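Kindly generate the complete structure, drawing on both the sequences and the hints.
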Amino acid sequence: MKLIIAIVNDEDVHHLIEDLTKSKFMVTKLATTGGFLKSGNTTLLIGVDDEKVDQVIGIIKDNCETRKQTITSTTPISGAAGVFIPYPVEVRVGGATIFVVDIEKHVKL
Amino acid sequence: MKLIIAIVNDEDVHHLIEDLTKSKFMVTKLATTGGFLKSGNTTLLIGVDDEKVDQVIGIIKDNCETRKQTITSTTPISGAAGVFIPYPVEVRVGGATIFVVDIEKHVKL
Amino acid sequence: MKLIIAIVNDEDVHHLIEDLTKSKFMVTKLATTGGFLKSGNTTLLIGVDDEKVDQVIGIIKDNCETRKQTITSTTPISGAAGVFIPYPVEVRVGGATIFVVDIEKHVKL
Ligand code: NI
Ligand code: NI
Ligand code: NI
Chain A
46 MKLIIAIVND EDVHHLIEDL TKSKFMVTKL ATTGGFLKSG NTTLLIGVDD
96 EKVDQVIGII KDNCETRKQT ITSTTPISGA AGVFIPYPVE VRVGGATIFV
146 VDIEKHVKL
Chain B
46 MKLIIAIVND EDVHHLIEDL TKSKFMVTKL ATTGGFLKSG NTTLLIGVDD
96 EKVDQVIGII KDNCETRKQT ITSTTPISGA AGVFIPYPVE VRVGGATIFV
146 VDIEKHVKL
Chain C
46 MKLIIAIVND EDVHHLIEDL TKSKFMVTKL ATTGGFLKSG NTTLLIGVDD
96 EKVDQVIGII KDNCETRKQT ITSTTPISGA AGVFIPYPVE VRVGGATIFV
146 VDIEKHVKL
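Protein chains in written order, with the numbering used here: chain A, 46 to 154; chain B, 46 to 154; chain C, 46 to 154.
Just so you know, the hints here were simulated from the structure itself, not pulled from any lab data. Here the structure is a predicted model, which means the values were calculated and not measured. Among the hints, a few may not be true.
Unchecked claim - Taking lysine-lysine pairs in the DSSO-like style, the calculated list, with each CA pair at most 30 Å apart, reads:
(1) Lys106/C <-> Lys97/B
(2) Lys153/C <-> Lys97/A
(3) Lys74/C <-> Lys69/B
Spelled out as structure tokens, the structure:
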């Protein structure tokens with residue numbers, strides 16, 4: 046059995062957990078990092094049989110891969126105090142770090 | 046040496062840590078999950094000599110096993126707005142997930 | 046590859062992460078323990094090549110080793126209500142617990 050430690054972006058957690066539980070994987074959601082980041086990280090612990098590690102990594106990939114997103118910024122234009130012109134900005138969202146560790150024993154009480 | 050990762054119910058943590066420290070086990074308490082659950086989970090990391098893994102699992106079992114509890118609910122009776130009649134409800138409390146992982150090196154500074 | 050799980054004192058985290066990233070180590074900062082302690086703990090996950098484990102432990106040692114610190118207390122003198130005389134008090138700060146675990150697979154998305 047393996048323990049998959051996945052650190053994923055908060056905004057991807059909801060659908061990742063949906064997809065993992067739909068496929069009958071047992072997910073334990075740990076706490077997120079402090080609130081000082083607009084969007085923090087969530088750590089998931091997933092206990093999984095050896096032969097299903099790649100399937101879980103695939104589901105994480107589908108939900109969390111780093112991608113670009115265009116958001117509309119309304120930062121004031123420099124040099125023009127008080128003037129806010131909305132303009133598109135490309136940001137990187139998502140991303141994940143995955144560690145797979147061997148479990149010697151797994152107990153569910 | 047082994048690392049025991051135990052995810053237990055918040056309400057069982059206090060006495061579990063008491064029992065573990067009474068038996069001289071070193072417990073590190075990680076953060077609990079977000080506040081959206083009435084009662085969240087706490088993750089404990091316990092570094093332990095190989096031959097004492099079962100003793101620790103036994104202590105966790107004593108404190109955290111899933112059990113039924115009768116609570117008194119005062120949810121309003123449906124169809125009778127404003128009428129609160131206390132009645133007993135059986136809920137499941139406790140529970141724990143335990144992963145045992147091999148530690149290659151342990152340092153305490 | 047190894048996973049270093051380091052539980053360090055909140056007040057040492059900032060400069061520890063600075064030093065680790067300066068040396069090109071990838072650090073994932075997990076959540077801190079609850080707010081009921083004046084100064085809590087932060088858990089770091091550091092994925093690292095086998096031959097660099099000792100270097101990382103050295104950096105943690107440099108930043109987090111338990112040491113004594115003299116702080117100025119202004120606790121009211123007992124028996125003299127309302128009288129605050131600043132006086133030096135020696136406290137222990139820092140400290141860290143490190144677990145090194147073998148990683149079978151590491152994926153960064
Ligand atoms: Ni949904
Ligand atoms: Ni007690
Ligand atoms: Ni600094």
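> Does the alpha-carbon distance linking lysine 74/C and lysine 69/B stay inside the 30 Å limit?
Replying inline: holds, 28 Å
> Can the restraint linking lysine 153/C and lysine 97/A be considered satisfied, given a maximum Cα separation of 30 Å?
Replying inline: holds, 18 Å
>> Need the status of pair lysine 106/C, lysine 97/B: alpha-carbon distance at most 30 Å?
In response: It holds: about 28 Å lies between the C-alpha atoms, which stays within 30 Å.
In this structure, every one of the numbered hints holds.
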